[in-house]
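Our numbering numbers the first residue of the sequence shown as 83 and each following residue consecutively.
To be clear, the hints were calculated from the coordinates, so they are not data collected in a lab.
Keep in mind that a hint or two might mislead.
[To be verified] With a straight-line cut-off of 25 Å between C-alpha atoms, the simulated DSS-like cross-links for lysine-lysine are: (1) Lys340 x Lys391; (2) Lys130 x Lys173; (3) Lys342 x Lys371; (4) Lys187 x Lys372; (5) Lys121 x Lys374; (6) Lys121 x Lys173.
[Unchecked claim] Taking CB as the label site, the calculated pair distances span: (7) Gln355 x Asp156: 33 to 39 Å; (8) His393 x Asp299: 37 to 43 Å; (9) Pro300 x Gly346: 46 to 52 Å; (10) Asp365 x Thr158: 34 to 40 Å; (11) Asp246 x Val366: 18 to 24 Å; (12) Gly382 x Ala290: 36 to 42 Å; (13) Gly346 x Ala367: 36 to 42 Å; (14) Tyr178 x Gln270: 36 to 42 Å.
These figures come from a predicted structure and were not determined experimentally.
Beta carbons: idealized from backbone N, C-alpha and C, even for Gly.
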Amino acid sequence: MCTVGSRVLMSERAHRLGLIVALITLVAVAPALARKTAKLTVGDPTNKGSVWIILLDENMLQLPGDYEVEISGDITPEAKAKAIYDALKNKLSMEYDGGIGLTFKNLDNQVAYIQLSDGGTGEVPDKWYVETTTQATVAFQNSRFDPFDAYRQPAVFTAGIVTDVGELTVRISSQELNFQTSGPIICQALFQRLAPRAPQYGAQIQYAGDRLEIYFDPNYTVTAGGVVFGTTSPSPGCSGAVQVPAGGGGNCSYIVKKSKALGGCQVCPPRGQIVSTLESCDDVADCRKKTKATIACPRGPGSCTVASKRHTCE
Numbered sequence: 083m084c085t086v087g088s089r090v091l092m093s094e095r096a097h098r099l100g101l102i103v104a105l106i107t108l109v110a111v112a113p114a115l116a117r118k119t120a121k122l123t124v125g126d127p128t129n130k131g132s133v134w135i136i137l138l139d140e141n142m143l144q145l146p147g148d149y150e151v152e153i154s155g156d157i158t159p160e161a162k163a164k165a166i167y168d169a170l171k172n173k174l175s176m177e178y179d180g181g182i183g184l185t186f187k188n189l190d191n192q193v194a195y196i197q198l199s200d201g202g203t204g205e206v207p208d209k210w211y212v213e214t215t216t217q218a219t220v221a222f223q224n225s226r227f228d229p230f231d232a233y234r235q236p237a238v239f240t241a242g243i244v245t246d247v248g249e250l251t252v253r254i255s256s257q258e259l260n261f262q263t264s265g266p267i268i269c270q271a272l273f274q275r276l277a278p279r280a281p282q283y284g285a286q287i288q289y290a291g292d293r294l295e296i297y298f299d300p301n302y303t304v305t306a307g308g309v310v311f312g313t314t315s316p317s318p319g320c321s322g323a324v325q326v327p328a329g330g331g332g333n334c335s336y337i338v339k340k341s342k343a344l345g346g347c348q349v350c351p352p353r354g355q356i357v358s359t360l361e362s363c364d365d366v367a368d369c370r371k372k373t374k375a376t377i378a379c380p381r382g383p384g385s386c387t388v389a390s391k392r393h394t395c396e
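Please work from the sequences and hints to get the whole structure.
Here's what the structure looks like:
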């Protein structure tokens with residue numbers, strides 16, 4: 083799994099021969115939206131693996147929820163977007179545009195950061211869009227990334243920033259690093275290329291070992307602010323996160339219609355019980371009409387599948 087460790091912080095088809103670059107761009111847009119929303123557009127992966135959507139609190143601790151998606155390999159970006167939607171639509175409030183775009187809606191007010199981690203899928207341009215942000219992180223956390231991509235060409239590592247000024251992206255290949263591909267070495271090389279020009283884009287970059295910390299001047303992220311990150315290496319360890327501004331309104335609650343115990347669970351939410359999910363709202367219409375999810379057993383081992391209907395926004 084690709085993580086940012088204990089401090090867990092639109093796409094065109096790219097050419098593939100050794101210059102394929104897997105990019106993940108996290109972008110913050112316009113502060114006018116009251117509810118927390120994140121939009122993701124995806125590129126095509128070049129390797130079989132998993133991707134994770136990770137929700138983090140203000141202390142950058144992972145919030146409950148299993149949002150892993152298995153990627154079958156070298157598929158189209160449309161197929162990848164559909165795979166993510168199919169895997170997560172009953173766990174998070176989502177919309178799929180039928181192409182390469184996904185929107186995660188009504189994120190819970192506990193969510194302070196949203197992260198995309200790839201488990202060695204070696205994918206080309208992915209981008210996040212959320213509300214106005216002031217900080218983000220890019221991480222390469224592996225003691226040795228595979229220096230070659232799926233086509234046995236030197237792997238490429240990418241980092242960048244996006245603000246109202248535009249996009250500034252830098253790349254480094256494993257060959258340029260003399261095939262020394264530990265996370266800190268990669269981050270140091272990217273930092274040296276990115277940091278000097280970042281102030282022109284309203285950002286400051288800090289080198290922090292196996293990650294880069296980005297701090298934005300909010301005057302430069304009125305309409306867009308975020309980070310670009312990725313690698314063509316099939317090794318896990320690459321991830322990025324962007325701050326999600328505080329949302330408004332309340333949280334969606336649901337009434338349990340039925341539940342089923344799995345794996346030896348003895349107690350599951352009974353019919354009629356009111357439950358809440360990681361969804362924020364301004365009005366009950368913002369909440370899904372129906373939801374079905376698998377949750378940890380309230381007491382003991384196992385889990386419960388719970389089907390519920392919309393109740394209220396409070």
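Hints versus structure:
1. Lys340 x Lys391: 10 Å, holds
2. Lys130 x Lys173: The hint holds at about 23 Å.
3. Lys342 x Lys371: 20 Å, holds
4. Lys187 x Lys372: Cα-Cα ~15 Å, so holds.
5. Lys121 x Lys374: At roughly 22 Å apart (the allowed maximum being 25 Å), Lys374 and Lys121 satisfy the hint.
6. Lys121 x Lys173: At roughly 16 Å apart (the allowed maximum being 25 Å), Lys173 and Lys121 satisfy the hint.
7. Gln355 x Asp156: 33 to 39 Å: Violated, since Gln355 and Asp156 (Cβ atoms, about 45 Å apart) do not stay within the stated range.
8. His393 x Asp299: 37 to 43 Å: Since His393 and Asp299 have Cβ atoms about 42 Å apart, the given range 37 to 43 Å holds.
9. Pro300 x Gly346: 46 to 52 Å: 50 Å, holds
10. Asp365 x Thr158: 34 to 40 Å: Between Asp365 and Thr158, where Cβ atoms are some 37 Å apart, the hint holds.
11. Asp246 x Val366: 18 to 24 Å: 35 Å, violated
12. Gly382 x Ala290: 36 to 42 Å: Holds, since Gly382 and Ala290 (Cβ atoms, about 40 Å apart) stay within the stated range.
13. Gly346 x Ala367: 36 to 42 Å: Since the Cβ atoms of Gly346 and Ala367 sit about 39 Å apart, the hinted range of 36 to 42 Å holds.
14. Tyr178 x Gln270: 36 to 42 Å: 38 Å, holds
Hint compliance for this structure: hints 7 and 11 are not met, and every other hint is.
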